[in-house]
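*Asks:* Could you build all of it, start to finish, from the sequences and the hints given here?
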Amino acid sequence: MGCGTMRSFLALLHAEFVTILRDKATLAFTFAFPVLFVLIFGPLMGGSGGSQAAHIGLIITDGASSDVLKEVITYAGTITVTDFGDELALEEALGKQQVDFGLMWNGGSLRFLYDPSRVQENYTFQELAQGIASAFDLRHQNLKPVLVINKVHIGKAAATNWFNLVVPGILAFSIFSAGLFAVSGHLTAMKERKLLDRLVVTPMRPVTLLAAIACVRLAIVYISTLVTLFTAIGVLHLTFSVNWFYYTIFVIAATLASMGFGTIIALLVRRPGSASNVANIISIVMMFLAGVYFPVEITPSYLRAFSKALPLTYMANAMRYVTGVSDMTLVRFWAITGTLFALGLILFPFLARYVVRVDRR
Amino acid sequence: MKAILLVTLERLTTAFRERVTLFWFIIFPMFLLVMLTLIFGNIGKQGQMSFSVALANMETSSGGPADFSALVESIFQEVAKPTEEEEEPLFSLAQPAAGEDKDAFIAREKEAVRLGNLSALIVIGNGFNQDLMGNITGQDSATGSQSTITVYQNQGNTGSEMATSIIAQIISRIDREILAKTGRFDEQKAVPIETDWIGSAEGEVPYVDFLLPGIILMGFFLTGLFGVPESILFARDRQILRRYWVTPLTVPRYIAGFSLGHVALCIVQFFFLYLLGRFAFGASLRFDRIEPVAFLFLSSLTFLAFGFLIASIAKTANAGMAIANILNMPMMFLGGLFFPISGLPPVLKAIVFANPLTYLAEGLRVSLGVETGALSTLLTIVVPLFWIALCLLIASRRLKWDVGR
Chain C
1 MGCGTMRSFL ALLHAEFVTI LRDKATLAFT FAFPVLFVLI FGPLMGGSGG SQAAHIGLII
61 TDGASSDVLK EVITYAGTIT VTDFGDELAL EEALGKQQVD FGLMWNGGSL RFLYDPSRVQ
121 ENYTFQELAQ GIASAFDLRH QNLKPVLVIN KVHIGKAAAT NWFNLVVPGI LAFSIFSAGL
181 FAVSGHLTAM KERKLLDRLV VTPMRPVTLL AAIACVRLAI VYISTLVTLF TAIGVLHLTF
241 SVNWFYYTIF VIAATLASMG FGTIIALLVR RPGSASNVAN IISIVMMFLA GVYFPVEITP
301 SYLRAFSKAL PLTYMANAMR YVTGVSDMTL VRFWAITGTL FALGLILFPF LARYVVRVDR
361 R
Chain U
362 MKAILLVTLE RLTTAFRERV TLFWFIIFPM FLLVMLTLIF GNIGKQGQMS FSVALANMET
422 SSGGPADFSA LVESIFQEVA KPTEEEEEPL FSLAQPAAGE DKDAFIAREK EAVRLGNLSA
482 LIVIGNGFNQ DLMGNITGQD SATGSQSTIT VYQNQGNTGS EMATSIIAQI ISRIDREILA
542 KTGRFDEQKA VPIETDWIGS AEGEVPYVDF LLPGIILMGF FLTGLFGVPE SILFARDRQI
602 LRRYWVTPLT VPRYIAGFSL GHVALCIVQF FFLYLLGRFA FGASLRFDRI EPVAFLFLSS
662 LTFLAFGFLI ASIAKTANAG MAIANILNMP MMFLGGLFFP ISGLPPVLKA IVFANPLTYL
722 AEGLRVSLGV ETGALSTLLT IVVPLFWIAL CLLIASRRLK WDVGR
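Those protein sequences? They're chains C and U, same order as listed.
Residues in the first sequence are numbered consecutively from 1, following our numbering.
Residues in the second sequence are numbered consecutively from 362, following our numbering.
These aren't lab readings, by the way, just hints derived from the structure by calculation.
Any given hint could turn out to be false.
Below, simulated DSS-like cross-link-like pairs (lysine-lysine); rule was C-alpha separation at most 27 Å, straight line [unchecked claim]:
(1) U/K442 <-> C/K151
(2) U/K550 <-> C/K144
(3) U/K761 <-> C/K308
(4) U/K676 <-> C/K24
(5) C/K144 <-> U/K442
(6) C/K70 <-> U/K761
(7) U/K442 <-> C/K308
(8) U/K761 <-> U/K676
(9) U/K463 <-> C/K151
(10) C/K194 <-> C/K24
(11) C/K96 <-> C/K70
(12) C/K151 <-> C/K70
Model, not experiment: these values are computed from the prediction.
*Replies:* Structural data, given as structure tokens:
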């Protein structure tokens, strides 16, 4: 790199840095949103993966024996029980979501009561109810289960917390969005405002501008992932055993690849202004279908197949690996990281051509 | 009146000419309705979930009527078969090939569980049949033990946890079947089980019926939160409003026409979303009653007022959009529009209860018969009205209809 190129690179770096610092909206998106995602989406989607915890409202009709039922409930899962005197009170509590489902025992039959509007959670509650009913059936005839399941956990100890799984996915998503919008938001906006046309007539080389944008974005994205990670550790008291070398390499590769995907969008859309809308749709699709918040196994088969084609699926898995949450072979990690690097580098020249390309009329 | 209607027409025409408006206010809500219904609409239903599971039967004393290990194996094989044509089985089951070393198979599948490529590995140990027979005959003793089936899972993989939970249910049913076959469990004395639903619902509410009111409100919300301040602030910043004020058009007439245009836009949004939900996903909601229409109208006014509030707080159009973006996500996702909001921590619950969307969403769903309602009907009306009054009070004092000279 000649002195002139280095000087223009440093000037552009400074300009990009100041621009992004002044752009409060982009800063809010990059720093605050991932944290918001963790704090909001985590608790919201926490039930989608299934849980053995529930709060039951219990009615035992006068005269009916309750010892066996209560003992069965105790062993069914992490269940809190509130006793109710009558069905009306139980229904009211159910409607107000003070209990998750109701159970009534009159000495002859078991009746389970649900709130039909708890659409996402009723499946889990019905599973619990089935378990209680099965166990109670046996105990009612003075029988004990002869079969029991012995669960053996294989994997990282840190992965046993739901949020431990969510946070790396959110980190991957924030890297993906930041890289995507760096091109199909920021760069396309420069294109639309004719700023790129003005820069191109100067001795500045397009690759210099792109390098400056990439460097600033990399730095901002890396810092933002650290902010999110430490917020998760500080506020949610999570533990991660991060391999910082792999983490750094992966963040760089993922950011470059995301900018590459933004390039594809910018090249394909007719108007530069439409690029950010397309990027928004793509990022929302990926957020829901990449297994970030809930397992893809609960989705229909065509959506599961679709999720295997999404880059964010692999980014989220790799991020879980580098933060020590789940396992992956080293070969697979380097294959993912290498592919992301390659994507970013291969698409770089196309991005440079986009910078100098005359707008379609 | 003519001036008001002309402003209304201007609002609508501008909105539909802007591709960005069309995208965010109509296409995006439709897209979200489609995606969320496809993802969450079939949770738990047969043929919609599928987990990859492996099973190894290490029992060596097989054959005969007391071959319980074969019974367990056959039940899991049955679960792995599709029940109807084109319906995906709950499990895709991998087992050792004929002649394959079972220990090597177990080691390989355990590694697959650890790496997340397999949801669970079920192992029926050697001596299972004899052990189980002993437990069945020892049922009467106070110290009767249980035979175990080992399930290797990865608690770091939610799919693995779900699969294990389902496996536990299946084993519980196998348990009962074994006890029934050996004459210990009397099916005639089985406890009858009933399932009921509160409210007037005959069964579980389809997810699309829960979601559609939320998506409609989201559309209104986006129109109010983004569309209103954007229109007013950009028109002000570009001095378009200043040109209006030199005509006989007064501010109150402009506001009336603008508001009418906003309501008309919401009506268009409603029809697009309702038709999609009804004909593509079979939503069965009925909006031909006064209560749901009243809540939709109240929602439209609430978000219009919110839009005026943002327009009055922001100094420039870009600042207005930034404020709207910051408010958008917490308000939308903590208003119960897409997912139930029970079980949230106290801090988030405080946001939920301050959020007018919470009350509007609940009021609309209760009026449609989708839920019985955790909040009182009075609250679902009074709180949005309070927000309308508050927003209009602040906007009336702060909103500048012209840029400073």
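*Asks:* Now tell me if each hint is right for this structure.
*Replies:* So, going through the hints one by one against the coordinates:
About 24 Å separates the Cα atoms of U/K442 and C/K151, which keeps this hinted pair within 27 Å; it holds. Restraint check: the Cα-Cα separation between U/K550 and C/K144 comes to about 16 Å, which is no more than 27 Å; the hinted pair holds. The straight-line distance between the Cα atoms of U/K761 and C/K308 is roughly 52 Å, outside the 27 Å bound, and the hint therefore fails. About 14 Å separates the Cα atoms of U/K676 and C/K24, which keeps this hinted pair within 27 Å; it holds.
Distance hint between C/K144 and U/K442 is unfulfilled; the C-alpha atoms sit about 30 Å from each other, more than 27 Å. Restraint check for C/K70 and U/K761: not satisfied, since their Cα atoms lie roughly 65 Å apart, outside the 27 Å limit. As the CA atoms of U/K442 and C/K308 are separated by approximately 24 Å, the hinted pair is consistent with the 27 Å bound. A distance of roughly 9 Å separates the Cα atoms of U/K761 and U/K676; the hinted pair therefore holds under the 27 Å criterion.
Taken as a hint, the U/K463 and C/K151 pair is honoured in the structure, with Cα atoms around 20 Å apart against an allowance of 27 Å. Proposed proximity of C/K194 and C/K24 is supported: the alpha carbons are some 22 Å apart, at most 27 Å. Among the hinted pairs, C/K96 with C/K70 is consistent with the structure: their alpha-carbon atoms are about 24 Å apart, no more than 27 Å. Proposed proximity of C/K151 and C/K70 is supported: the alpha carbons are some 24 Å apart, at most 27 Å.
Violated hints for the displayed structure, listed by number in ascending order: 3, 5, 6.
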